[in-house]
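K.L.:
Order-wise, the sequence lines are chains A and B.
The numbering used here puts the first residue of the first sequence at 1, with every later residue one more than the last.
The numbering used here puts the first residue of the second sequence at 1, with every later residue one more than the last.
No lab work stands behind these hints, which were simulated from the structure alone.
Positions of the beta carbon are idealized from the N, C-alpha and C atoms, including for glycine.
A hint or two may mislead.
[To be verified] Lysine-lysine pairs mimicking DSS-like chemistry, simulated, CA-CA at most 30 Å apart:
| no. | chain 1 | residue 1 | chain 2 | residue 2 |
| --- | --- | --- | --- | --- |
| 1 | B | Lys-223 | A | Lys-200 |
| 2 | A | Lys-266 | A | Lys-127 |
| 3 | B | Lys-141 | A | Lys-200 |
| 4 | B | Lys-29 | A | Lys-203 |
| 5 | B | Lys-141 | A | Lys-203 |
| 6 | B | Lys-150 | A | Lys-203 |
| 7 | A | Lys-266 | A | Lys-226 |
| 8 | B | Lys-192 | B | Lys-38 |
| 9 | A | Lys-265 | A | Lys-226 |
| 10 | A | Lys-266 | A | Lys-203 |
| 11 | B | Lys-234 | A | Lys-200 |
| 12 | B | Lys-220 | A | Lys-203 |
[Said to hold, decoys possible] Simulated coverage check for chain B against chain A, where a stretch passes if three residues somewhere in it have a Cβ under 8 Å from a Cβ of chain A:
| no. | region |
| --- | --- |
| 13 | 38-46 |
| 14 | 49-56 |
| 15 | 59-73 |
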Amino acid sequence: MGEKVFMQGNAALAESAIRAGCRFFFGYPITPSSELPEYYAAKAPQENLVFVQAETEVAAFNMIAGVASTGKRVMTGTSGPGFSLGMEAMSYMSAAGLPAVVVNVMRPGPADGDILAAQGDYFQAVKGGGHGDYNIIVLAPYSVQETADLTVKAFELAFKYRNPVVILSDAMLAKMMESLELPERITPNENYDWTMTGAKGRKHNVITTCGDGPIQWENYNLALQKKYKKIADNEQRWESYQVEDAEIIMVAFGSVARIALGAMKKARAEGMKVGIIRPITLWPFPQKAFVGLDQQDFFVTELNAGQMVEDVKLSVKDKERVSFYGRMGGMTPTPNELYEKLCELYRK
Amino acid sequence: MKVIYKRPPVLTEAYFKYCGGCGHGIVNKLIAEIIEEKNWLEKTIIVWPIGCSVYADQYFNTDSICALHGRAPALGTGIKRALPENLVIVYQGDGDLVSEGFSEIMHSAIRGEKFSVVFINNAIYGMTGGQMAPTTLLDQKTTTSPYGRKEEESGAPVNMAELISQIKGCYYSERVAVNTPQNILATKRAIKKAFEYQMEGKGLSFVEVLSPCPTGWKMKPTKALEWLGAEMMKIYPLGVFKNPEVAK
Ligand SMILES: Cc1ncc(C[n+]2csc(CCOP(=O)(O)OP(=O)(O)O)c2C)c(N)n1
Ligand code: SF4
Numbered sequence: 001m002g003e004k005v006f007m008q009g010n011a012a013l014a015e016s017a018i019r020a021g022c023r024f025f026f027g028y029p030i031t032p033s034s035e036l037p038e039y040y041a042a043k044a045p046q047e048n049l050v051f052v053q054a055e056t057e058v059a060a061f062n063m064i065a066g067v068a069s070t071g072k073r074v075m076t077g078t079s080g081p082g083f084s085l086g087m088e089a090m091s092y093m094s095a096a097g098l099p100a101v102v103v104n105v106m107r108p109g110p111a112d113g114d115i116l117a118a119q120g121d122y123f124q125a126v127k128g129g130g131h132g133d134y135n136i137i138v139l140a141p142y143s144v145q146e147t148a149d150l151t152v153k154a155f156e157l158a159f160k161y162r163n164p165v166v167i168l169s170d171a172m173l174a175k176m177m178e179s180l181e182l183p184e185r186i187t188p189n190e191n192y193d194w195t196m197t198g199a200k201g202r203k204h205n206v207i208t209t210c211g212d213g214p215i216q217w218e219n220y221n222l223a224l225q226k227k228y229k230k231i232a233d234n235e236q237r238w239e240s241y242q243v244e245d246a247e248i249i250m251v252a253f254g255s256v257a258r259i260a261l262g263a264m265k266k267a268r269a270e271g272m273k274v275g276i277i278r279p280i281t282l283w284p285f286p287q288k289a290f291v292g293l294d295q296q297d298f299f300v301t302e303l304n305a306g307q308m309v310e311d312v313k314l315s316v317k318d319k320e321r322v323s324f325y326g327r328m329g330g331m332t333p334t335p336n337e338l339y340e341k342l343c344e345l346y347r348k
Numbered sequence: 001m002k003v004i005y006k007r008p009p010v011l012t013e014a015y016f017k018y019c020g021g022c023g024h025g026i027v028n029k030l031i032a033e034i035i036e037e038k039n040w041l042e043k044t045i046i047v048w049p050i051g052c053s054v055y056a057d058q059y060f061n062t063d064s065i066c067a068l069h070g071r072a073p074a075l076g077t078g079i080k081r082a083l084p085e086n087l088v089i090v091y092q093g094d095g096d097l098v099s100e101g102f103s104e105i106m107h108s109a110i111r112g113e114k115f116s117v118v119f120i121n122n123a124i125y126g127m128t129g130g131q132m133a134p135t136t137l138l139d140q141k142t143t144t145s146p147y148g149r150k151e152e153e154s155g156a157p158v159n160m161a162e163l164i165s166q167i168k169g170c171y172y173s174e175r176v177a178v179n180t181p182q183n184i185l186a187t188k189r190a191i192k193k194a195f196e197y198q199m200e201g202k203g204l205s206f207v208e209v210l211s212p213c214p215t216g217w218k219m220k221p222t223k224a225l226e227w228l229g230a231e232m233m234k235i236y237p238l239g240v241f242k243n244p245e246v247a248k
């Protein structure tokens with residue numbers, strides 16, 4: 001059994017990464033993610049960690065690429081504008097097969113925007129963000145406990161598939177305190193046959209993302225696509241609540257799923273048959289969760305102008321049955337607000 | 001029969017893809033010879049840039065990783081921090097180092113990262129077809145300065161070896177050239193010193209190599225060597241700009 005503690009989301013994330021054997025953190029401060037570098041900086045001497053405050057997020061994302069190339073666990077954490085600066089390197093790490101973990105604690109954009117909770121970076125994280133055909137595994141926790149659990153999972157998946165993984169948190173999750181059970185400490189394997197460690201007792205290794213002609217580079221792309229298909233088949237994660245008899249199914253991820261749960265409870269108490277699907281992997285999107293749900297209406301709620309709703313529409317038979325309600329700019333709906341929207345839908 | 005000249009075994013059998021008369025090939029071979037002489041093959045990780053040396057991973061029997069354009073020092077930072085005992089060589093062109101990745105190289109020096117930088121200054125962007133670099137000389141014609149580089153528009157050439165020597169975290173900075181046999185030997189000595197300092201755990205060691213690009217300069221290889229000696233060296237004097245070992 002892991003240690004029971006009461007902790008803030010960002011701190012729990014950093015502590016869980018350390019326990020998962022991630023000794024390296026490179027980052028540039030930005031609210032609401034700054035507790036991540038601060039946690040690593042504070043724990044560096046006791047835990048034998050390497051923390052570097054990078055000059056820019058551009059540098060930080062390339063530094064983690066460097067550590068990942070040696071087979072060691074490494075992480076950076078940032079928010080909106082910093083995540084944008086990292087996009088060139090996300091594309092690079094995807095092509096190079098570098099298993100780093102990136103935390104984006106979402107805040108409302110566009111541009112510098114504000115610092116409260118938002119989910120407007122869904123497209124950027126899930127659909128690419130950088131250039132070229134690539135996919136990042138994207139994990140979306142909705143509680144501090146799940147933040148800790150998914151941090152451990154993020155490193156496992158990154159190394160299993162040699163692919164970068166994004167943990168998509170938000171200002172609400174990052175700043176709230178909850179009790180949780182911390183993960184066990186592990187010493188991860190660092191010996192892989194593809195790493196940059198010096199050609200000792202083996203043939204030399206090469207990591208390059210420079211194509212050598214269209215035939216070679218199309219084949220390289222095809223191999224990436226094959227990997228993405230495998231991930232999409234095997235790694236979809238979600239949680240369903242009371243969907244069995246539901247007439248309306250809410251779909252929400254991250255912190256807004258907590259509010260949706262409150263709305264659902266109230267609706268159930270009033271005799272309305274409402275359920276929830278909560279995607280945990282945003283890429284791969286859990287399309288399997290929607291299989292067989294052909295008679296229900298779907299009500300998607302997000303802290304943005306409507307992004308995940310597009311993936312929901314792609315996952316259901318009749319997209320006319322999908323409706324959306326979102327708030328932006330750092331505003332969050334109340335459970336009552338979502339409940340009222342459910343009532344409107346129910347009356348239709 | 002005594003072998004007096006051979007391909008260093010640190011190099012693979014692959015042919016260099018550089019143009020005839022290019023300085024990259026000379027410097028690549030010097031690096032391979034030093035690794036060979038020091039018996040450091042098993043310790044070496046080379047970070048290659050985006051530029052004409054982008055395929056150099058094919059030429060070396062060392063571990064090699066090719067960075068994004070300009071980001072080699074950031075990648076090198078990650079690798080050296082993860083593997084402090086290894087020899088990490090960061091190889092960059094002048095577009096890569098002085099333009100796209102200026103921030104990354106300067107901050108690597110500021111932090112005193114303990115890797116070695118081999119910086120190829122050919123006063124032009126070779127790979128992309130001969131555009132202006134921050135190191136392009138005044139009045140030098142390139143495809144993006146077709147009437148010659150003008151100071152009012154593009155500033156003056158940047159003297160990286162001098163500039164970086166001013167940063168406290170830079171341990172060693174020298175400018176060399178590969179235009180004559182003597183200068184090539186001096187280049188080898190400088191790069192070897194840089195690698196030795198790294199293996200002794202010193203700060204950033206930086207070697208700027210003035211290197212001909214006959215294709216980008218639109219000159220015959222022999223003319224390119226002359227131009228390097230006559231014009232480039234006027235702006236970029238050879239010399240050691242920082243070396244605490246000598247000062248002592
Ligand atoms: C972000 C980005 N911008 C631009 C390029 C295009 N590009 C590739 S190499 C290069 C410049 C190469 O010149 P230099 O660094 O001097 O090296 P050389 O080819 O002369 O050895 C440029 C602009 C790129 N690959 N990535
Ligand atoms: S273009 Fe210039 S730098 Fe590039 S290989 Fe040819 S001579 Fe060398």
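K.L.:
Taking the numbered hints from earlier one at a time, note which ones the structure violates and give those numbers from smallest to largest.
P.N.:
1, 2, 3, 5, 6, 7, 9, 10, 11, 12
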